[in-house]
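Take 368 as the starting number for the sequence shown in our numbering and just add one per residue.
What the hints contain is simulated information worked out from the structure, not anything from laboratory work. Take these hints with a grain of salt, some might be off.
Said to hold, decoys possible - With a Cα cut of at most 20 Å, we get these calculated PhoX-like pairs of lysine-lysine:
| hint | residue 1 | residue 2 |
| --- | --- | --- |
| 1 | 618 | 423 |
| 2 | 684 | 569 |
| 3 | 423 | 471 |
Claimed, not checked - Okay, the calculated beta carbon distance ranges per label pair:
| hint | residue 1 | residue 2 | range |
| --- | --- | --- | --- |
| 4 | 513 | 724 | 17 to 23 Å |
| 5 | 615 | 717 | 32 to 38 Å |
| 6 | 746 | 474 | 23 to 29 Å |
| 7 | 720 | 513 | 43 to 49 Å |
| 8 | 537 | 560 | 23 to 29 Å |
| 9 | 742 | 585 | 32 to 38 Å |
| 10 | 375 | 706 | 28 to 34 Å |
Built from N, CA and C at the ideal position, the CB exists for glycine as well.
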Amino acid sequence: MTTHRDPTWRIALSGAQILFVAFGATVLVPLLTGLNPSLALLGAGVGTLIFQVCTKRRVPIYLGSSFAFIAPVIYSVQTWGMPATLGALACASFFYYVAAALVKWRGVGLIHRLLPPVVIGPVVMVIGLGLAQVAVNMASGKAGDQQVVPYGTAIAIAAISLAATMLTAIRAKGLLKLVPILVGVAVGYGASLAAGIVDFAKVSDAAWLAVPQFGTPEFNLAAILFMIPVAIAPIVEHVGGVLAIGSVVGKDFTAEPGLHRTLLGDGLAVNVVGLFGGPPVTTYGEVTGAVMLTRNFNPVVMTWAAGFAIVMAFVGKFGALLQTIPMPVMGGIMVLLFGSIAGIGLKTLMDAKVDLMNPRNLCIISVTLVTGIGGLGVSIGNFSLQGISLCGVLAVLLNLILPAAPRTAGEPDTAAVDNLV
């Protein structure tokens, strides 16, 4: 096991390995949403350092681009434009601050009562399925109504990328099993080179060292109100991530340094990264898996990983190379990715043994799924909620206001159980 007495070179090497594990997912989010991949790397590095400062560098966690915001960012860019989307992403940290304050005030149990599995499960499913058509269009080589890549070529490359990702996730062993997305991108990129659809013009024009082009956020109330509720899912993901790394290391990080500190660190990271144009960040399960596999519990390793990410952000040709990845490669992976996110939502319901025969649970789940996937919107003046944001708010409200179904004989009193939490 790595300790603080290990030589610097070994800790640095471990940090490079962490960045490699998290790299694929970190740059995938901006490639799918139109954000800058170099800013995603910079944001992951800066965000991780902010998190470490807030948690006194006691938690071996790395922050990378959040998948939960992929669909909302795509919709927001199409609706309000990139500057308004960046401003909205910076404001998405609001719920992190609220959650941190609530945990400090009332403890972790309050978060679990406000956001039980019957709320989180369907909201996460909507995040995954809300833009399924986007994944299909990209896999088909379509950008809007325009066929950018010939249909047959696009489908073949998307299928190759998808197959490589799935086979790696299922059959690979060791560290390779932690990076199936990266493998899928590499194999799909190779197929794209063979098909002659990769354009290297941007790479040849790019400088070796270059400052990333920072975003210019604008603050549009409609976009902000749309984006803020999206943070509900990553907050729950954050809590799960902190509990997971705690179980791996054998420490209760919700007590020391405290869940309120980890939430504050994640929220500040989301805020700062959004202001300079990067995608929102969140705790990375891939890194937790790497920590478990390598038995490397030293938080300093994450500092090195963050430093390497920041350095990579300033390699201009590297950022340009990422932007040459053809659309069907990303589309094939999105088919699996969006479905996997929906699967996580379903797993949340199954693990909690949510009773779908219970009318109250069925009402919450049904309304959440249909309003979210259907893209229902509500507008009152300049105030607007739609899609994922609306269904997230509805799920929380329905859970708070719907009366509990009458208990049958022999059924345990869940309210009494909740009071014990």
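### Task
For the range 43 to 49 Å, tell me whether the beta carbons of residue 720 and residue 513 fit it or not.
47 Å, holds
Satisfaction of the hinted span 23 to 29 Å by the C-beta atoms belonging to residue 746 and residue 474: Violated, since residue 746 and residue 474 (Cβ atoms, about 37 Å apart) do not stay within the stated range.
Cβ-Cβ distance between residue 375 and residue 706: within 28 to 34 Å? The hint (28 to 34 Å, Cβ to Cβ) is violated, given that residue 375 and residue 706 are roughly 42 Å apart.
| query | Lying within 32 to 38 Å: is that true of the beta-carbon distance residue 742 to residue 585? | reply | Violated, at about 24 Å.
query = Does the Cβ-Cβ separation between residue 513 and residue 724 fall within 17 to 23 Å?
reply = With Cβ atoms ~47 Å apart, the hint is violated.
Checklist entry - Holds or violated: residue 618 with residue 423, Cα cutoff 20 Å? => result Between residue 618 and residue 423 the Cα gap is close to 15 Å, so the pair holds against 20 Å.
query: Is 32 to 38 Å a correct range for the gap between the Cβ atoms of residue 615 and residue 717?
result: 23 Å, violated
- Does 23 to 29 Å hold as the CB distance between residue 537 and residue 560, or does it fail? 25 Å, holds
Q. Does residue 471 lie within 20 Å of residue 423 when you go C-alpha to C-alpha?
A. 17 Å, holds
Would the hint linking residue 684 and residue 569 be met if the CA-CA limit is 20 Å? 8 Å, holds
Hints 4, 5, 6, 9, 10, counting from the list given before, are not met by this structure.
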